[in-house]
Amino acid sequence: MDNELAIVARGLRKAYGKNVAVAGVDLEVRQGEVFALLGPNGAGKTTTVEILEGYRRRDAGEVSVLDSDPAAPAANWRNRIGIVLQGVGEFDELSVSELVHHFAGFYADADDPEKVIARVGLADKARARTHTLSGGQKRRLDVALGIIGRPELLFLDEPTTGFDPEARREFWQLIRDLAAAGTTIVLTTHYLDEAEALADRVGVIAGGRLIEVAAPEDLGNRQQAHATVSWRTPEGRTESTESATPTELVTELAARFGGEVPGLTVTRPTLEDIYLQMIGHR
Amino acid sequence: MTTTLKPATAARAASRQPGPLALALRQGRLELTQFLRSRESVVFTMGFPIIMILIFAAIFDGEIAPGVSFPQYFITGMIAAGLMTVSFQNLGIWIPIERDRGVLKRYRGTPMPKWVYFAGKVIMVVVVGVIETALLLAVSVAVFDLQLPGTATKWLTFGWVSVLGITACTLCGIAISSLARTARSGSAVVTPVALILQFTSGVFFVFTQLPTWMQQVAALFPLKWMCQGLRSVFLPDTFAGQEPGGSYELGRVALVLAAWCVIGLLLCLGTFRWTTRRDG
Ligand SMILES: Nc1ncnc2c1ncn2[C@@H]1O[C@H](COP(=O)(O)OP(=O)(O)OP(=O)(O)O)[C@@H](O)[C@H]1O
Ligand SMILES: [Mg+2]
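Here the protein sequences line up with chains W and V, keeping their order. So that you can map any letter, position 191 of the first sequence is 191 in my numbering, and since no number is skipped, the others follow by simple counting. So that you can map any letter, position 44 of the second sequence is 1044 in my numbering, and since no number is skipped, the others follow by simple counting.
You may find that some hints are simply not true.
As the list claims (entries may be wrong) - Covered stretches of chain W (in silico footprint by chain V; criterion: 3 or more residues with CB under 8 Å from a CB of chain V, positions within the stretch not fixed): (1) 50-58; (2) 90-102; (3) 106-118.
I should point out that these hints are in silico values taken from the structure, not numbers from a laboratory. What you are looking at is a predicted structure, and each value in this text was computed from that prediction instead of being measured. Glycine included, C-beta positions come from ideal geometry on N, C-alpha and C.
Bound-form chain W, shown alone (with noise of 0.2 Å):
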């Protein structure tokens, strides 16, 4: 492929009634690369992405997901995307196994599903049927559905929602080694470790608008952003300052206290404290 972006979207745009669920979005995503999206509860994510995956029409906009326009979509599409959803599809009385070994059956070039299994880490469950998974375990089935088919482009909708810390330090390691392989990865998350851990590229999107698109390490101007430097003063009390030159300040106060500064930290902050602010200040 010519093109070097996996996904383009200009002015896209969505409304149910009068509630504007998509207002305007503005989107690319580069091949190969890892992208999360960001955003309060309502925000727009998972219709953003299901109508990049083909599910929602959307009522203004360009857009182009493989080269293809989702609504519709050249014939080979849907064997080049996975999609794990935000909402489960739970088939009665079908074992992990047979369902994955089935949908694999789908793909012009699919995984080995005993492999697939084993790889989101449900391989002693493989005979168990799927309505008796608790919810952890059926989210990581939502994701060997997802990957069975050996995506270029994945798209996962809080993937990790159910997980426990060990399941998702696990997954983090999947989607890793798929982003290794040289895929296209599109995540939803409410985690910002998770983003910051995965993520080449963030975008924060909240009542509907991308607000802004940034590597994790400069999401909202962090680099530049004041560090708060703490210490305790000679009667006890905790001091803190906001300085764009806390070296400088840290300098000056071991000239005062004589050196050692007691209880002296220096902080920037974390992902959270600046999404929380940029969501806030909207």
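Starting from the known structure of chain W, fit chain V with the ligands onto it as the hints suggest.
Showing chain V with the ligands alone in chain W's frame:
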């Protein structure tokens, strides 16, 4: 360390997407597995016509016409109603549940061609319909000496009436599934339609004893014609004179059932919904 990695080409060839026929058969097997594993649907779908014919045979034991016992007459209605249960009611109730649960949405997210889903349902319905009819006939022969068709021609008629009838009912079942907005409303939509048709089409009563206007309304729908076609198989030729048209009208049976296949197919293609309204 040994490596188990196969050359990429070998792995690709091994996992090649199956052809259309294989896809349909796989889907049919999956549907059948799901059906057979849900015990209550097996018991009720398969058991309903058998229980009904046993009740009928116990209540009525006279003759409708010389040489035509009540059970011999009503077996035709029970076979037809049974075929309608496995196809029309089964799908009209089950598909809204699958849609509500997001199963259909999942299928739409894969490269599976849409028709494969329908083909899988048809295969499941046909297999279940054959088993159910065979059980019904076996029980009837054992319990009240049902006379099986005596000639190859009658078996042939039995075959094509059943196939056309079950196809029409399957397509209509898929079509009507889109009327139900939620999983719960499926049976509310389908059950009255099925019951009314059964009462007016000669499943529970001798058709010619129904009011004429009711006969005429029933004649618009497939069930009446399925029953009539099956009567030509299980009742003597002499009984044909008692049909509303003075004969079994097999040509018209074929025509009406075929027409319903076409109508059902058009409705399916035009109205089928893969997602619920909630899915935007
Ligand atoms: N099917 C629908 N019908 C009507 N309104 C909808 C529908 N889907 C979403 N909305 C509305 O559109 C807006 C965006 O919803 P969306 O599901 O895209 O949010 P989200 O960012 O994915 O939220 P969450 O983090 O809770 O998953 C919300 O106001 C929601 O109420
Ligand atoms: Mg969402």
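Which hints, by number, does the structure contradict? none
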